[in-house]
Structure formats: structure tokens, C-alpha cells
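Next come the chains, spelled out residue by residue.
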Amino acid sequence: MNDMTPDRDDRIANLKGMGCARKRVEDVRFTQGKGNYVDDIKLAGMLHGDFVRSPYAHARVKSINAEAALALPGVIAVLTAKDLEPLNLHWMPTLAGDKQMVLADGKVLFQGQEVAFVVAEDRYIAADAVELVEVEYEALPVLTDPFAALESDVVLREDLAGQDSGAHGPRRHHNHIFLWEEGDKDATEQVLDSAEVVAEEMVYYHRTHPCPLETCGSVASMDKVNGKLTLWGTFQAPHVVRTVASLLSGIEEHNIRVVSPDIGGGFGNKVGVYPGYVCSIVASIVTGRPVKWVEDRMENLMATAFARDYWMKGKIAATKDGKITGLWCHVTADHGAFDACADPTKFPAGFFHICTGSYDIPVAYVGVDGVYTNKAPGGVAYRCSFRVTEAAYFIERMIEVLAIELGMDAAELRAKNFIRADQFPYTSALGWEYDSGDYHTAWTKALDAVDYPGLRREQAERVAAFNRGETRKLMGIGLTHFTEIVGAGPVKNCDILGMGMFDSCEIRIHPTGSAIARLGTISQGQGHATTFAQILATEIGIPADSITIEEGDTDTAPYGLGTYGSRSTPVAGAATAMAGRKIRAKAQMIAAYLLEVHDNDVEFDIDRFVVKGAPERFKTMKEIAYAAYNQAIPGLEPGLEAVSYYDPPNMTYPFGAYICVMEVDVDTGEHEIRQFYALDDCGTRINPMVIEGQVHGGLTEALAIAMGQEIAYDDMGNCKTGTLMDFFLPTAWETPHYTTDHTETPSPHHPIGAKGVGESPNVGGVPAFSNAVHDAFRAFGLRQSHMPHDHWRIWKIANQLGLHG
Amino acid sequence: MIPAAFEYHRPSEIGAALDLLQTHGDEARVLAGGHSLIPMMKLRMAAIEHLIDLRDIADLRGIHIDGTRIRIGAMVTQAELITHEGLASAAPILREAALQIADPQVRYMGTVGGNVANGDPGNDMPGLMQALGAEFDLAGPSGTRTVAARDFYEAAYMTAREDDEILTAIRFDATTGGFAYEKQKRKIGDYATAAAAVLITRDGDSVATASVAMTNLADTPIWSQAAADALTGTTCDAHAIRAATDAALADIDPTEDNRGPVEFKRHVAGIIISRAIARAWSRA
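So the sequence lines, in the order shown, correspond to chains A and B. For the first sequence, position 232 matches number 232 in the numbering used here, and the numbering has no gaps at all. For the second sequence, position 98 matches number 903 in the numbering used here, and the numbering has no gaps at all.
Hints were generated in silico from the structure; no laboratory data involved. Honestly, I wouldn't trust all of these hints.
Stated by the list, open to error - Result set (DSS-like, lysine-lysine): computed pairs, CA atoms no more than 25 Å apart in a straight line:
#1 A:Lys612 - A:Lys582
#2 A:Lys796 - B:Lys992
#3 A:Lys720 - A:Lys23
#4 B:Lys847 - A:Lys313
Assemble the whole structure, with the sequences as input and the hints as a guide.
The following block contains the structure:
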């Protein structure tokens, strides 16, 4: 057998299956500028749309005069709410059970809101015509603060007058959307009342924006001859868009084809349905010509879905020696003008109640109040599962505040309260069943890797040197141990607009032994064509290089709920493995027939079926594929295809330990990331190189959010951060070096044990960076300071602590 | 981000460019690197009917060093300032400052003439030119005149240049002694939260001459005579640096923006000025 060993290794290497750092097959076209994005689509006779947008955050629309615009040569139409009303498309449903204006219906509720849609022969004429549309506004009082909004007499949503109940229960004020609660409030408050120590803090996770490199857009083409509508767009969930388009337009679903071409990043921004999509469809139906709409960067930042904006009031109870006994949280959630959060329908605050984090907390309560304000709608999961980054930031700040309250080391406090490895599967106080984990092992590995005691000694020396006037730089050690909840989700409780959150894979093996697999997801840069082929290579023994992965065309791909919330690997990856196993089961029967043995007498071996005990007798998958198409095998249909729709039995719970070492300049507020160590446990690892890329990208977005990125408004509701001059998008210059590491705790319920990783670095990264800033000033009495920690806010901390003399 | 229609002109002689300016008056603007003007047009904050691109005018190019006298054509890019070896020894502060402007892609397009002529208080070159005591050559319908950089800036986007004039070159003397261009910014590509250009010459243990100018701390660049006076003749010790910094701070008038409130900017300005002086002195 020894002489077989190199042969086996070669065969495994040839597959480029799971565990292989296979190079991304997508990158050849992306790095050569050969990608095909929505704005690359050019159709004969195509028209171009552009929006007239509101300069006001809150105003009545007195009149819209499009005469001058329509008189401009090349202008085809100017659509307003009045034109959409007969079609009942002037409003549209949101994913969160609310409705939202497609075009301003009597009033505007945020700056940048869509007021009229100009359609013209070319993009330049459309932009000229936008300038010519005269809109008369009457300014109304503006509400930008959610706490003030809940007290104000100003009614934002007049359309909801008299409705004291919404999609998620009672509304107690005209600017209130819902109160969503989980956990045992009474028991939690009893624990707080009798606790030895209670730490209380308001933790704000500011409003920011996913800001993908490619903005949102669509091309709609209504073929009036065959009655078929084709819609290309920046859709993270193309199948759901098809269903919604059918329900809204009345066009039967088989007559709608939705295509997501290459997508230049989504990060949650491209989950929802935007007025531009609807207007391009209506305009194409009205004109009978294809209509393209692509927003610019400012429109993307000001009007498409934001993320976060959670005011999280927390109380955490513990014994004097640091054993946590209870957690209480109340969130005031600023949802903007319409509730357009992208969450599973039954979860108006997403999975925020994962906020007990990595800790064994016996009792907990969460209440979330959703509030309307004069800001853009959204509330999407920006590189995180639904509201999970808010939850992780909340608990990881509360742990730090509790450590201060107890006078305890924050690393030790965490270790003391982690869920132990022997407690999995673990049911949290807020109702989640954590599938697997080994937090203590990961934590110890992380602390050892950075020489944590050494860092603390150095920090103490630095503080002493600072106090002696020898340095003006402080050193912060940012700790985080996060637990994610991804892979939405089980159909029994997860749906989007009624569609269960399963996902799918369909495989066809070609006669000569190569294959195509189609999935219900859509890559926006994640590298699905690379990694899903690796799962299949291992499952069916066909080299990844011989497998085409296709997604995003609803006419060819099986129905799926799309890509966001790190759900592709947990759900579609599972469907891929399960479909692969169906292929393998049939291949086994074919092999047995060819080898003239009983089905149970052959077994799968890398890329072939061998007769048990006689490995020299085998049929390769290539031979089996050919036989499937050219042999009449008794009892078997010809061909080799399979489809799987996978309904996950549970979410997956990736986790990680991150440590950030930061220097802050007390005088200028500048910072320098000296070291960043990221240990991720995402279960079974499919492609270590893709994982590393995901971690680097997610950490960089976390850096952006923690250290400068925000969507800010002035008191008049003007967006102050509408360009990349003011909205922080890090370049290579601002991005530090990252050290990545891992442990591997497979998910027990996932077919290949994989958990998903794309969003972990953002979920864990934000508290790591922020905790480092806080930790730098801990010795001087800082408890809590809100993100983003840009220069002036860090300077302000130092100033308020009296460090400027 | 779609500009209104405009006529594009690309003359190859300065005279032809001046004629176009005369002909079209208020409706015309000259285009250098375009990194300020084009975004303004795309935002439709500037409506330009006639855009006169200066890139084909050979007279506006080139860096000439004649003994201690330096002439930089208005269309010289930031990238050329960085890579020019003669300039690196004759006036190294230019390279240090240009490396802190925007990013490499912008620096291949952005020009020194556009940077100084636009009058944007966020631009780095105007303060630097005031520190150098540079002169700007302005060509107009009635010939060429020269204006000192320290007299050129009137208010944000308002300069001594008349609408029918074109800034053609910048002239200044080679520097000796120490130099520093210190800039705090939020990120690559950003304008300064505060920036300072400092030149110091040494005579034995004391400061012989000093020049201190600042960027984005008022609606024009600020050159501070008082700061220079506070340094001259001293040993540039902590006390002198404090006095010079206080003098410089008395001359600035920053405004609040997304970078922070006035109180923060004044504090940071003091730090940046002090650091620039200390670094320039260490090199003197």
C-alpha cells in the first residue's frame, strides 16, 4: 500500500477540494477589468433615469412642475407619485412590514428622498432635466433625535394616522414603530435589584453605511411582444426581487427574469428594494424601451440603506468576584423615515438578542423600541448578521464597563464567564441554541499569542512615563471575544416576505466528467465560484477546476434567499454538499453496476468508487459520469443530476478572539494600530486563503466604523457626510497589518461542519478597535465614549479627562 | 455627478488661451489638473460654458533651476515636484509637502499652478509658497505682472488674479537651512485639519531667519510675521517655540467642520506648528 500513498496525495491535490488555498477563479476577470456589472449593460434603445431628490429633510410638496424638463429635447417622461398611483406603485412594502414611498406622495421625510423620476435618451440629458423640474416645498419641523421624536407633537408618518398597531405590535406614539421584547424582564430586574454589583451604561452604535464600491442600479427591459420583463440589478437576493416584482406589478412570475450580474460589494446595502428599481420597471413598461438607473456615490450614501443607529442602555449584574448574574438592555432604534430594515420578518430587531454574547448569563431581558425620524430609511446588516454587530458591541462594551466597576482585568472577567466547552449545545437566556464552541481554548491561544501579561506590563510603564511627562502617547489593549449567529435560517421561524430562508443547489454532471452547479445565492465578492466548487470537489470527486458555479439568474438558478448575513456557506453550502451526496449515491450504483458488484460492496475514495478490499478495482467519477449517459443501467434513469433545497435545523455560531494594540496621541487625537491579532473559529475551513481575505476585509470595514466612518446629520436633517471626503473609507495607507489565526470547532448540525466567516471580522473588529481606545484612557477614568473615534473625539476624551494640562 | 454641457478648448499657446478668456468672459475658466474644478462642475456648483484646458501649452511646463533661483511652470504636477532631483536639493520642502497632498493618482494629475491659483484654503501649496516668499507670474491681456504669494490671497476662492489672467509660473529662491511641512489629516486624500510650513536658517546656536505659514486654519493661508519674529535670534528652545506658536495661533481663524470644532482645531494647530518648528530646527 505504501507505493499508493503519493498517488493518493496527488489525487487529493488535483481535486482542489475543501481545505485547499485555491486561488479565486473570479479574480482573473476582476483584476483585468472584465467584470460585467449593471452599469456595463447596454441595450439597444436604452433610456436613462435620474431622480429629482428632496433638499429638505421634512417638507410638504406643494407642487411639481415638469413643463420645462419635458420641453428639453431628449426627455421622454417625468414620473411623479401621481403617475404611479393608478398602478398602486407610489408606495411599496418594505421588508420590515412597513411601507415606503416610491416617489414623494404629498411630503418628503428625509433629505435625498426621491421626488420625481426623469427618463431621457441619455444620462446627460436626464441630469440636465432634473435641474429643470420645479418643486415647491413647504418646510416642516425636523426630527433627527429618536428620543425627541418619541416626545414630539410633530407627526412624521401622516399616512399611519389612527393606526395604533403596526406589523410588530402596538405603537404608543405617532413616531413609534414597535416595542419588541425578549427574555424574562421581571426575573432580570429582580437580579439587578439584589445584585452585589451592577454596571450601567449607555452604549451608542452610531449610524453608518455599507458603502459598497459599486453603487445600486438596475436595468429594466419590458418586452411587450412576449410579455416578459427582464430586470438586471444590484440584488443580493434576486429570487426574492422576482417574487416582489411579480406581486407588485401583477406580472406572472414566469414572465419575470431577474439577473444579478457581477456585484461590486453589497454588505447588506443591496438586500432591499429601492425606488430606483421600481421606477426603472415602470418606465420600461410605460415607454416599451429598456431603462437604466444607476445612482451616484452621493445618492448611495444619502438615500440608500444605512446601518446601525442603536442607542443601547445596558445594565449588567455580577457578584463581587466577577460572576455575571444578569443582563438587561433597552434599545432606542432610529429607523429613519420608513421601517425598511432588512431582517427576517418575525425579528424586527434582527438577532440582537444574541447580546448575551459568549457568556453564560443565567437571566436576561431585551427591549427594542423602533422610532421614526427624518433620516434615510434602512437598518441593514452591514457585513454582519441581522443586528449582530450591535449586539456584540453592546456586550463587549458592557463587559469592559463591568471590569472597571469590579476593578478587575477584562480578560480574566471574560474567561470567568465564558460558556464552557462542555455546556454545548447551550441554550441562552434569550432563547438561542448555540451549536458548538470552545471559547476558553481560543481565548488562551489569543492571550498567549500576544503575550497579554507583557502588554499589560508595558501599558503600566507607559502610564507611568506619561505621568512623568516623558511621553504624550498612551497605549490601549482592545479585547474582544465575540459569538456570531449566522446562517438564517430555519424555515419554521425565518422568512423574508413569507419566503422561508432555505437555500438551494442544483448540479448537473456532464458526460465527460465536468459539472455545473447553480445556487440560490449570489456572490458580491465572496468568491462563491471558488469555494462552492471546492465543497463539491470533495463531495463528488470531480476537480474544482472542472466545476462551473453559476448564480444570480432566476431563469436558470434554483430558488434561494440570496447572500447576506453570512448565510451562503451555512445554508447554500449545506445544500451544495447535500446535492453532491445525491450525486454520489447514484454514482455508487452506477459504479457497482460497472464493477459487477453489489452497491454496498463499493466505497467512495477521493475521486472514484473502489471495490471494498480490492482498491485496484475501481471506476473514476469521470468514467461513472460517462456511463451515466451511454449505458442502459437496469433500474436507473440516464443522466447524473441532483437538486437540494436545504432548510437548516439551526443557525451556526462562529466565534473569535480579537486583540488590538493601539497607540493614541493625546494631543492630536491620532491613533496607530500597532498590532492586531484575529483568531476566528468558523468551523470547518473550506479555503484558508479566502477566509484570510474575508477577515482582512471585514477588519478593515470594522476599523472604518470604529475610527471614523459615520452618517451624520445636522439639526436641519442635512446629511453632513454625503461624499467620500467626509465618509471614511480606508485606503491601504490607513489599514494596519493583521495577524490571523484560527481554531476549528465544526458545527455539529451542518453537513460539512462549516459556520460562515464573512462577517465575523466586522462583528468582532468594531469592539476590538473601540475597546482599545477606551482601554488607553482607562487608567485616567474613562468609562464610555461614543464611536466613531475620529481625531477630535479622541482628543475630546483626553481634554475632558484633563490630560491637556 | 453629471456636469452640464460645456465647450472644450485646448489651445497650445498662452496667447490663444488669453484670447479665449477675453472672448468668453465669465463663461470661461481655465483647466489645470481638474481635481477641484471638475468635481465642482459635476456637482453643478460651477457652471462653466467654456473650459480652456492648459495642458498643451509648453510654456507652462517645466522646472527650471538657475543658480539659486527656481521657476516652476504652472502645469507642473505634484508628481513631478516629488520626482525632480534638482528640486529635492534646492527646495526639499516642496517634496515633503507634495507627498502629503492627496494620493499618487491625484498627484499625477494635480498641478502646482491649479493648487495655488484656486484659492481653496484647504490646498497645501499656497501656505508653502507664502513660507517660501514665492512670486506668482500672471499673464493677462496687457502683459505679465508678478504678485507675491503673501499678497495673493484675499478670501476663500478670492485671489489677486483677475478673471482674464492666467497664473503661468511660480518663482522663488532655493532654500538653505532646516524645513518642515507638518500636516494632520483624517485620512489619505483629506484636506488638513491643520498644517504648517516652517523654514529656519541657523547662525551658530541661534535662529538667523524663520518663516512660518499655515494651511486650512483661516479662509486664506496664513503667513505669520509674528511667529517668525518670535523665533529669530533665539536658540529655538521650548520657550521660543511656545512663543512662536502662540504668535502663530493669534493669526489664525479656523472654522468648525466635520474635522472638529474650533477649540480642537486651535489646539491641534498649536501642536502641529510646534512640531514643524522643532523639526525644521533639527534640520537647520
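A quick look at each hint next to the structure:
For the proposed pair Lys612 (chain A) and Lys582 (chain A), the alpha carbon gap of about 21 Å is at most 25 Å, so the pair holds. Of the supplied pair hints, the one linking Lys796 (chain A) and Lys992 (chain B) holds, its CA atoms being roughly 19 Å apart against a limit of 25 Å. With a C-alpha separation of about 41 Å, the suggested pair Lys720 (chain A) and Lys23 (chain A) falls outside the 25 Å cut-off, and the hint is violated. Distance hint between Lys847 (chain B) and Lys313 (chain A) is unfulfilled; the C-alpha atoms sit about 43 Å from each other, more than 25 Å.
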